[in-house]
Amino acid sequence: MDMEIAESVFQPPSNAETRAKVIVKNLTVYYSKFRALNEINLTAYDKKITAIIGPSGCGKSTLLRSFNRMNDLTPGCRMEGEITLEGENVLSPSMDVVSVRRRVGMVFQRPNPFPKSIYDNVAYGPRLYGIRHRSDLDEIVEHSLKSAALWDEVKDKLNQSGLSISGGQQQRLCIARALAVEPEIILMDEPASALDPISTLRIEELMQELKKNYTIIIVTHNMQQAARVSDYTAMMMIDDSRAGRMIEYDATNIIFTRPKDKRTEDYVTGRFG
Amino acid sequence: MNITDGQSHKERPPVRKTFETEIQQLKDEMLLLGSMVEQQIIGAVEALKKRDIEASRHIKEIDLQVNAKRYAIEEQVMIVIATQQPMAHDLRLLASILEVSGELERMGDYAKGIATVSIRIGDQPLLKPLIDIPRMAQIGTDMLHRALTAFINEDVESARTIPKQDDEVDGLYTQVYHELMMFVIQDPKTIERANWLLWVAHNLERVADRVSNICERTIFTATGEMKELESNSD
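Protein chains in written order, with this note's numbering: chain A, 1 to 273; chain B, 274 to 507.
To be clear, the hints were calculated from the coordinates, so they are not data collected in a lab. Hints are supplied without guarantee of correctness; some may be wrong.
[What the hints assert, rightly or not] Straight-line C-alpha distance at most 25 angstroms; calculated DSS-like pairs for lysine-lysine:
1) A:K47 - A:K25
2) A:K157 - A:K116
3) B:K333 - B:K323
4) B:K323 - A:K260
5) B:K290 - A:K262
6) B:K333 - B:K401
7) B:K500 - A:K262
8) B:K500 - A:K260
9) A:K262 - B:K322
10) A:K21 - A:K155
11) A:K262 - A:K116
12) B:K300 - B:K290
13) A:K25 - A:K155
14) A:K155 - A:K116
15) B:K322 - B:K401
[To be verified] Estimated spans, in silico, between C-beta atoms of each pair:
16) B:K290 - A:T18: 41 to 47 angstroms
17) A:T18 - B:K500: 25 to 31 angstroms
18) A:K33 - B:I425: 48 to 54 angstroms
19) A:D156 - B:K290: 50 to 56 angstroms
20) B:K300 - A:D96: 58 to 64 angstroms
21) A:K157 - B:K290: 46 to 52 angstroms
22) A:D72 - B:K500: 46 to 52 angstroms
23) A:E209 - B:N340: 16 to 22 angstroms
Virtual Cβ for every residue (Gly too), placed ideally from N, Cα, C.
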């Protein structure tokens with residue numbers, strides 16, 4: 001079996017300067033009999049942005065959803081291998097899924113605020129984890145909205161519906177909602193693909209602010225976005241059995257200027273095959 | 274088992290036809306600029322040798338066209354970068370085309386310098402018959418021609434060997450220098466005429482040096498490796 005996997009996939013990126021936050025080791029994911037991901041290896045570094053790129057259907061979102069056990073919600077889904085978060089295996093049956101999802105927050109492609117007030121959207125998670133005092137909640141809401149660069153725009157209308165603000169603001173509200181439970185990692189699945197260019201750039205700028213405190217893993221179809229925002233880039237493709245494979249992983253500036261694998265080169269320059 | 278994008282590659286047309294056409298046009302324009310500069314250098318030395326002032330003036334006029342073409346290439350590269358967002362190899366190639374057109378334009382300036390010398394010498398006879406200087410021009414333009422071919426073909430092997438020929442040009446330059454110094458020592462009144470020819474030889478020596486820079490860009494485009502090539506004499 002000729003597995004043409006670039007050696008760089010198994011090496012630490014060439015300018016790795018921080019410690020590993022999450023390590024994916026030989027992750028294989030099945031949906032019933034269909035193998036969606038095949039032997040994925042990846043290390044996401046602490047307080048860095050890791051981008052996952054690759055053509056449609058290559059398993060980027062499946063990989064992303066593995067980090068916080070979102071795949072558990074898909075019937076027939078089975079995961080093999082290991083994902084260690086600070087040394088603890090997220091995939092272990094004894095792992096508390098609720099705690100994993102608190103530590104690993106997620107932002108989706110389309111902004112999905114709850115049909116509640118802006119305040120209640122952000123306070124939702126903390127309330128779920130038992131915070132009841134109004135002053136504590138006020139503080140969390142303000143801090144989270146400030147961290148999501150939304151506070152100044154909504155501070156006078158916290159009681160308005162989360163659905164009443166613009167798409168870009170809604171997405172930042174979803175980021176604030178994710179931050180409110182103090183996660184360590186934020187997963188972003190095409191977080192700007194439904195937004196206009198200015199809102200997109202705002203989210204990208206926000207990511208640079210967020211990475212001072214959080215580790216971010218982002219899936220994106222927009223290669224310029226991956227090049228602009230991320231520190232490391234992982235390139236995925238599907239093999240002949242249509243299972244997703246990791247073919248190259250390196251510092252972003254290397255992936256976009258001198259990738260080692262021909263298929264990465266073809267993908268980032270917009271030419272397949 | 275090969276990893277593919279899950280579709281057959283065989284019958285598909287190129288995905289980025291417009292972009293590829295634009296890149297091809299830029300390569301063609303760069304080659305055209307290169308051949309203008311080759312002609313300019315050979316022509317400048319010919320005019321000097323034959324004492325043809327009219328031809329020397331013409332060489333200076335050609336330099337305006339060379340400069341204009343260099344700016345046109347630069348502008349077109351900017352447009353392609355802005356509109357096509359090149360990555361990886363494409364980006365390296367476009368960055369190299371910018372650099373190489375700059376090098377070519379400077380080589381054109383050297384030819385213009387030689388034409389200026391020829392015009393200044395005017396009616397005065399040359400200090401000595403020109404033998405080594407045309408030879409320097411011949412080797413330099415030959416190196417340039419091969420360097421541009423290697424650039425277009427991304428021929429890394431040739432790009433590594435072409436700069437070694439710079440030693441020959443350096444050797445001729447040293448020879449011309451010593452010869453001219455002998456004239457000056459024997460008759461200090463020849464100093465101005467010796468100086469003019471030394472200026473010409475120096476310009477030709479610089480042409481060969483700049484060929485090495487083009488070869489460095491060829492290696493960078495093909496491999497992503499950016500480092501200075503050394504000729505044997507370094």
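(request) Give me the numbers of the hints this structure contradicts, sorted from smallest to largest. (result) The structure breaks hints 4, 9, 10, 11, 13, 23; every other hint is satisfied.
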